[in-house]
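Chains A and B supply the protein sequences, listed in that same order. Heads up: the first sequence begins at 3 in my numbering, then just goes up one per residue. Heads up: the second sequence begins at 2 in my numbering, then just goes up one per residue.
Do not rely on the hints blindly, as some may be mistaken.
Unchecked claim - Computed footprint of chain B on chain A, listed as stretches where at least three residues anywhere in the stretch have a Cβ under 8 Å from a Cβ of chain B:
(1) 29-38
(2) 136-146
(3) 157-164
Worth flagging that the hints you see were computed from the coordinates, not collected in a lab. Just so it is clear, CB atoms sit at the ideal spot from N, CA and C, and this is done for glycine as well.
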Amino acid sequence: MGDWARRLRSTRAETPVNELGPDLIARVARGDEAAFSQLYDLLVGPIFGLVRRIVRDPAQSEEVVQEVMVELWRSAAKYSPERGSATTWAMTLAHRRAVDRVRSAQAAADRDDMVGRRETSRPFDEVSEQVTTRLEQEQVRRCLGTLTDLQRESVVLAYYGGRTYREVGELLSTPLGTIKTRLRDGLIRLRDCLGVA
Amino acid sequence: MTTADIHALTGAYALDAVSGVERMEFERHLAECDSCAQEVMELQETASRLALAASAPPPPALKARVMDEIRATRQAPPVTEPVPLRRRSLATRLSTVAAAVFFVAAAGLGVVVFQQNQQIDDTQAQIAQMEQILSADDAKLVPMANPDGGSVNVAVSSSQDRMMLFSEDLASAPAGKTYQVWTIADGNPRSMGFLEPNNGNAVLAVSGLSDAGAVAVTIEPDGGSPQPTSDPIMSGSLTS
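So that you can see chain A by itself, here it is in the shape it has in the complex (with noise of 0.2 Å):
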């Protein structure tokens, strides 16, 4: 398991069968469970971390990946490898459905319901301290220090918090102008200090 996350990323070159890429992407969309169980495996760490984070709450959060997963099954056939790799394809849907669930107003009568549950639940860091991929983590982290703080928080904001630009902006009291540049350059620092493309 201690390398899933470097299994990950080697996505865009030629990718072993037993790792998520192209070929284990084509098995899923040709309907083949057993290769969509391994797609499973390697990719709901990431994804139920992710979206726990912004979801916050248990129970919706796992609905999300639940959504999410079944999600890649149905649409494993529309993706294409010229638009990025496949932990891409699969993270970014996941970003898009665990921000589309709490920026509903559905989630927001929900949250409000379930806020004596949420404060017993265990706090985010705990659960993080137990996720088994440090070397990604380590790296991530190192990137993250290279960024100014306000790039550092607006992305944080944006990305693990599921918040809008907008609200970034109100939450900063920082001109719009300024957070959508901020989230720009700092990805841009991002991808250059983690080697990306």
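Based on the hints, put chain B in the right spot on chain A.
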């Protein structure tokens, strides 16, 4: 919104930090801007690394539920032909009815703009988006009359997987209530948001129809309901 403004959104877009309307406007821009598409791809790749770093162990029982559900879920077909990137001109694509509704709606949006200056950007994006939906080959207009006054029109395109609702002279919801919009797939309603008319005008953009066959509007307590608590006052079919 100027082109430079749109371009600055690559970061916000890659982080899903844009509103629904901005997302669609930006995607429209992406289809015509290769350098933006490349940048967005790299920034999305970068963002997904943030996801990998947030990994957490899921409940073990989840997998069995997912496996059960996929066995009961039909998969979408592959994309078999390239989708044309450029739109044909609006005039050649719009039917007379669609054009009439479009211009009435655009005029309605103008009223809203006049009153709420800060929403100009959003409004322009809404008009652009409606124009784009109506220019799809499978565009469809679904009129729904409100028994309490006014109407809601739905412009929908299955190929674009989205729709836009816009009201005309829509009566305000009763005090303490709101109009909640649902899509219905296999009998299951899914909340898509609210219509809050201002001088009878309200607009709602919805992306991700997930094969919904119908759209419905119910009156719900302010803040909305997780599931409809009353019968729809308006509904229409989304299938062609």
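How the hints compare with the structure:
1. 29-38: Coverage by chain B holds for the segment 29-38 of chain A (4 residues, Cβ < 8 Å).
2. 136-146: This one holds; 5 residues, not fewer than the three required, reach chain B with a Cβ under 8 Å.
3. 157-164: Per the Cβ count (5), the hint holds.
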